[in-house]
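Number of protein chains: 2
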Amino acid sequence: MTAISPEEAARHREKMVKRKAVQDAEVAAKTREKGLLIVNTGPGKGKSTAAFGLMLRALGHGWKVGVVQFIKGNWETGERRAMERFSDLVEWHAMGEGFTWETQDKARDIAAASRAWDKAKELMARDDVRLVILDELNIALRYDYLPLDAVVATLTARRSDLHVVVTGRNAKPEMVAAADLVTEAGLVKHHFAAGVKAQEGIEF
Amino acid sequence: MTAISPEEAARHREKMVKRKAVQDAEVAAKTREKGLLIVNTGPGKGKSTAAFGLMLRALGHGWKVGVVQFIKGNWETGERRAMERFSDLVEWHAMGEGFTWETQDKARDIAAASRAWDKAKELMARDDVRLVILDELNIALRYDYLPLDAVVATLTARRSDLHVVVTGRNAKPEMVAAADLVTEAGLVKHHFAAGVKAQEGIEF
Numbered sequence: 001m002t003a004i005s006p007e008e009a010a011r012h013r014e015k016m017v018k019r020k021a022v023q024d025a026e027v028a029a030k031t032r033e034k035g036l037l038i039v040n041t042g043p044g045k046g047k048s049t050a051a052f053g054l055m056l057r058a059l060g061h062g063w064k065v066g067v068v069q070f071i072k073g074n075w076e077t078g079e080r081r082a083m084e085r086f087s088d089l090v091e092w093h094a095m096g097e098g099f100t101w102e103t104q105d106k107a108r109d110i111a112a113a114s115r116a117w118d119k120a121k122e123l124m125a126r127d128d129v130r131l132v133i134l135d136e137l138n139i140a141l142r143y144d145y146l147p148l149d150a151v152v153a154t155l156t157a158r159r160s161d162l163h164v165v166v167t168g169r170n171a172k173p174e175m176v177a178a179a180d181l182v183t184e185a186g187l188v189k190h191h192f193a194a195g196v197k198a199q200e201g202i203e204f
Numbered sequence: 001m002t003a004i005s006p007e008e009a010a011r012h013r014e015k016m017v018k019r020k021a022v023q024d025a026e027v028a029a030k031t032r033e034k035g036l037l038i039v040n041t042g043p044g045k046g047k048s049t050a051a052f053g054l055m056l057r058a059l060g061h062g063w064k065v066g067v068v069q070f071i072k073g074n075w076e077t078g079e080r081r082a083m084e085r086f087s088d089l090v091e092w093h094a095m096g097e098g099f100t101w102e103t104q105d106k107a108r109d110i111a112a113a114s115r116a117w118d119k120a121k122e123l124m125a126r127d128d129v130r131l132v133i134l135d136e137l138n139i140a141l142r143y144d145y146l147p148l149d150a151v152v153a154t155l156t157a158r159r160s161d162l163h164v165v166v167t168g169r170n171a172k173p174e175m176v177a178a179a180d181l182v183t184e185a186g187l188v189k190h191h192f193a194a195g196v197k198a199q200e201g202i203e204f
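So the sequence lines, in the order shown, correspond to chains B and H.
Each step along the first sequence adds one to the number in the UniProt record's numbering, with nothing skipped, and position 170 is 170.
Each step along the second sequence adds one to the number in the UniProt record's numbering, with nothing skipped, and position 145 is 145.
Please note: incorrect hints may appear among the correct ones.
Since copy identity is lost for identical chains, a pair holds within one copy or between any two.
[As the list claims (entries may be wrong)] Result set (DSBU-like, lysine-lysine): computed pairs, CA atoms no more than 35 Å apart in a straight line:
| # | residue 1 | residue 2 |
| --- | --- | --- |
| 1 | 30 | 197 |
| 2 | 72 | 197 |
| 3 | 15 | 30 |
| 4 | 197 | 172 |
| 5 | 15 | 72 |
| 6 | 121 | 172 |
| 7 | 20 | 121 |
| 8 | 189 | 106 |
| 9 | 72 | 30 |
| 10 | 64 | 172 |
| 11 | 34 | 72 |
| 12 | 34 | 20 |
| 13 | 197 | 119 |
| 14 | 189 | 172 |
| 15 | 189 | 72 |
| 16 | 20 | 197 |
| 17 | 30 | 172 |
| 18 | 72 | 20 |
It should be emphasised that the hints constitute simulated quantities derived from the structure, not laboratory data.
Can you build the whole structure from these sequences, using the hints too?
Structure below.
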């Protein structure tokens, strides 16, 4: 916040000129384009939220986007309602039946996961769809509700320019191995621990 | 994927009934509502992206949202273009001048950060705005472009129902201490390391 001396300004500029050369060389070294398999996992908050943020970016470029939710059911959420303004670009399928402790029915959970996976394959096969979000797929895989090998093989064999985002904690090592980009959301501090409840606009 | 025996189905149900009781008790114990200070930090990808996903959720509930970008300048990005469909709800201020190695001018960077912080204070003072996103504020603080104590004091003194999201790596300990929710994005695997370049719809 203090005034900058001419010497400091010159030092800063020199340092930044060097840094720019490094940055430019790094950017120049990256030449490939490819459809990414992106995995958002970890115990922290923001895995699905980051996927929906990426969706927003894609929509800004006019892309068609498909969303399949493997756990969440057909209840109203802010993100779904916001998508009413993008109904020309987004296909949203909330195909879960809720959390396992809500359904209390393993056969029903498995059937729901299988239907959701069928929808995912259908969206990934469509040429006009450029981004597919498979929300909480990691949860369905963690409970062995879907065959891991077949799911990873299908994701790996995706069209070369198709981007897919997979969310959910406890990503399987095979999923991580197949991915291009993996982010682990770490929980540093959470307001639930301070007795704050789930609030509209934040959690749903 | 195998068929479920009646015994296994019953065991599963019993376990889930118990789990539901635990979950319900946890939810019941959380009663407070409050505007959150949310910090998305860490070296991984998805910090700003998660903030924009949260914005989408808020917009679905019809909230007014203010965005101030401390580093990014006025270039076109997917998320900004997507917001044209929410021009009734979103005020977006990209007030940075680009990365430090692009401007190469410390005094100019500091002036830009100060202007952005003034805009942030203005948005936080408005009663109709329910969510304010301060994108890359942590970067401006890390370089001491803004007075940390004053920034944290203003954030802490925010209106009790105002939610604020602060993004950027290297969050200061004082910022983490003031926050209600802190997520650290950890980098597990990145496609840049495999020579894939920044692509439309993914990085911008």
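35 Å Cα threshold - placement of residue 121 relative to residue 20: between (43 Å within a copy, 32 Å between copies)
Homo-oligomer pair classification [residue 172, residue 121; C-alpha up to 35 Å]: Classified as within: same-chain Cα gap 19 Å, cross-chain 43 Å, threshold 35 Å.
Within, between, both or neither: residue 72, residue 20 at alpha-carbon 35 Å: For residue 72 and residue 20, the Cα distance is within 35 Å only across copies (16 Å; inside one copy 45 Å).
Alpha-carbon proximity between residue 34 and residue 20, which holds within one copy, between copies, both or neither at 35 Å: within (26 Å within a copy, 43 Å between copies)
Alpha-carbon proximity context of residue 34 and residue 72, limit 35 Å: For residue 34 and residue 72, both the intra-copy (30 Å) and inter-copy (25 Å) Cα distances are at most 35 Å.
Alpha-carbon proximity context of residue 197 and residue 172, limit 35 Å: Both ways: residue 197 and residue 172 sit 30 Å apart in one copy and 26 Å across, limit 35 Å.
35 Å Cα threshold - placement of residue 197 relative to residue 30: Intra 44 Å, inter 5 Å, cutoff 35 Å: inter-copy only.
Copy assignment of residue 189 with residue 106, given that the CA separation must stay at most 35 Å: both (33 Å within a copy, 33 Å between copies)
35 Å Cα threshold - placement of residue 30 relative to residue 15: within (23 Å within a copy, 50 Å between copies)
Status of residue 119 relative to residue 197 across identical chains (alpha carbons, at most 35 Å): both (33 Å within a copy, 30 Å between copies)
Status of residue 172 relative to residue 30 across identical chains (alpha carbons, at most 35 Å): both (28 Å within a copy, 31 Å between copies)
Within, between, both or neither: residue 72, residue 30 at alpha-carbon 35 Å: between (37 Å within a copy, 21 Å between copies)
Taken one by one, the earlier hints all hold for this structure without exception.
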